[in-house]
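Next come the chains, spelled out residue by residue.
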Amino acid sequence: MNLAIKDIRHNLGRFILTVLGIGMLLMIVMGMAGIYRGLLEDATLLINRIDADLWIVQKDTRGPFAEVSRVPKSLVYRVEAVPGIQSSREFVYHTIQRQHNGKPIRMSVLGLSWPVDKGEWLPLISGRALRQNHFEIVADKTLGLQLGERIPLGKETYTVVGITSGMVSSGGDGMAFTTIQDSQAIQFDSSGESVRLERAARDSRGQENELFLSQPALTEQLARPTAELPGVTPPPLSAVIAKVAPGADPLQVEKIISSWGDVSVFSRHGQEELLVQGMVDKAKRQLGMFRVLLTIIAAIIMALILYTLTLDKIHSIALLKLIGAQNHVILGLILQQALLLGGLGYGIAWAVGQKLFPHFPRRVVLTNDDLIQLAVIVCVISVLSSLLGIWKAMRVNPNDALMG
Amino acid sequence: MSDELAIETISISKIYGSGNTEVVAMRDASVQVRRGEVIALLGPSGSGKSTFLTAVGLINPPTSGQVRIGGTLVMDGPRAAVNLRSFRRRHIGYVFQKSNLIPFLSAIENVQIAMELNGMTSRAARTRAAELLDELGVGDRLDHSTAMLSGGQQQRVAVARALANHPSVILADEPTAALDSHRGRQVMELFRNVAREHGAGVIVVTHDQRTLEVFDAIYEMEDGVIHQQKRKVESATVPERG
Ligand SMILES: Nc1ncnc2c1ncn2[C@@H]1O[C@H](COP(=O)(O)OP(=O)(O)OP(=O)(O)O)[C@@H](O)[C@H]1O
Ligand SMILES: [Mg+2]
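From first to last, the protein sequence lines are chains G and W. Start counting at 1 in the first sequence, then tack on 20, and there's your number in our numbering. Start counting at 1 in the second sequence, then tack on 3, and there's your number in our numbering.
Looking at chain G on its own, in the form it has when it is part of the complex (with noise of 0.2 Å):
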């Protein structure tokens, strides 16, 4: 006869509560640890999924994700021209805020550097990816967007014309993919009035300057925009990614461009690590702290269940005693409804957890490891916090049975 199973029984209704109880606050422990897994994953996915090999950005930045990085566009040609160097490619980044059908919306917008790059490597649920080179986007789903549906950013119009799935930033918002050209557009949008104001502030900075003073013609020029100027620059890059050729050393080629006096360069591992350590490292110490915390918690008011429990049935125990019971009875009595609190309350907590946690915002991702990890800790917590329980057990005299 197994006296826990008699006793869980006995009072079924109260221990279930419990159980669910337990298993919610379990739950909440298992969330943070996927949490912190989901950020780790959406930091390093986009590195992965770009699959470059070698990250050049600007002199002592982190960028292009940790920092704003700006690198000159005929960076691609020289990086090209080192040997070693399979292909480069220019990289365009940067994250914008806008109103969109009344609701904010946030995107990290990604330039694809058409033609080479039409965006066929990205995780398609629907629609294509980009067709030509201008006025489409391929958007992640969690940005909202229908397939179809039209996106002033700019001056210009976007249509979606594909829909990806988990393409997230490190900061957890939904990716777009637009060309290069139309991601810088979007990235150095200034509106008419402010054109003007510029196109005036040339014209006056003219009037003063000898050159146009004598050459009277040239100041007509001066209003031309910008893009027809030869002596403005061309809009930025956020950094220029490479592949290395098979065979060529990788470290001997970013030897080479690390030489160069107005850019880093950094492996694919080393852009990670950028990720993980700036970015990722407080989060994960935040969520690790809340998952001491509610761990003790749990464990507390797991002791307090045991031991009201143990209360409860404190006559039952010297009863026992006084027919003889050995202690392992009573042990095994408190004990095994300990872990069965524990158990049953990790498997709730697994179960609500599937259901609910692929409706948070930001993607909670459960690891085999994480999982076994917390099991070992709700054993060890379901048998500490037994031990008030035990302790008070093990003091009833039998001769309290026949008080009361």
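Rather than coming from a laboratory, the hints here were simulated on the basis of the structure. Any given hint could turn out to be false.
Unchecked claim - Derived pair list, reagent style DSSO-like, types lysine-lysine, alpha-carbon separation capped at 30 Å:
1. G/K412 <-> W/K101
2. G/K26 <-> W/K101
3. G/K79 <-> G/K123
4. G/K175 <-> G/K161
5. G/K26 <-> G/K79
6. G/K93 <-> G/K79
Guided by the hints, dock chain W with the ligands onto chain G, whose structure is given.
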């Protein structure tokens, strides 16, 4: 011959508390119960009957004196001379004044558990428990929770549990208080039969004058002191041991 004695107490005393609050609940109680004998312990409330019974039952150690069971010294003053819990499990059956049963177990499980603790298989224990309960007239309440049993029915379940392990000592504190006279008598006779058949010694605390002729001896307790009142001449037949 002391090994013919199921129970022997040698001058046991119990003092509760100390100083101002000191209560001498039992003083120099010496009682001998032979194998197969059933004795009654009478006395007014507060005279120390339960104190005596729990001292013999190895759950409330005396302050001084000795308790021997089946010839073995088990309590020497407040010190245990054997493993009390396993001794209780194997040799002593109890029926107490009240709250005898484990509330989260059914009637039959309350009896079963005593035998399972002694190493009997669950199945065999259940069969015997059902038989005992049937014999005591609660065979139709086997799977009832104890809260659904009347006081008398609960008491009979406790009696069944006390008998379950064929103990050499049965201690019962007013087992028939909640029973009608017919049932009360039946329980007393059951005790007597068990005593005869298994050579057990039985001590019953009772106020029930109607059942006194069942007993081989009657002791009376007053202010912690025990006097033997009367002993039947045709003393109990002791079964042969082997
Ligand atoms: N744990 C205890 N601490 C202090 N005094 C106690 C304790 N138990 C019993 N007593 C006292 O010892 C005396 C004998 O008590 P006991 O319970 O043995 O009487 P009793 O004969 O069984 O009475 P009743 O017929 O009412 O059950 C009483 O005066 C009681 O107050
Ligand atoms: Mg009493």
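Going through the hints against the structure:
As the CA atoms of G/K412 and W/K101 are separated by approximately 23 Å, the hinted pair is consistent with the 30 Å bound. Distance hint between G/K26 and W/K101 is fulfilled; the C-alpha atoms sit about 22 Å from each other, no more than 30 Å. Using a Cα cut-off of 30 Å, the hinted pair G/K79 and G/K123 is violated, with the two alpha carbons roughly 38 Å apart. Restraint check for G/K175 and G/K161: the C-alpha separation of about 24 Å stays at or below 30 Å, so the hint holds.
The hinted pair formed by G/K26 and G/K79 fails the criterion: a straight-line CA distance of about 71 Å is larger than 30 Å. For the hint linking G/K93 to G/K79, the alpha-carbon distance of about 15 Å falls within 30 Å, and the restraint holds.
When held up to the earlier numbered hints, the structure conflicts with 3 and 5 and fits the remainder.
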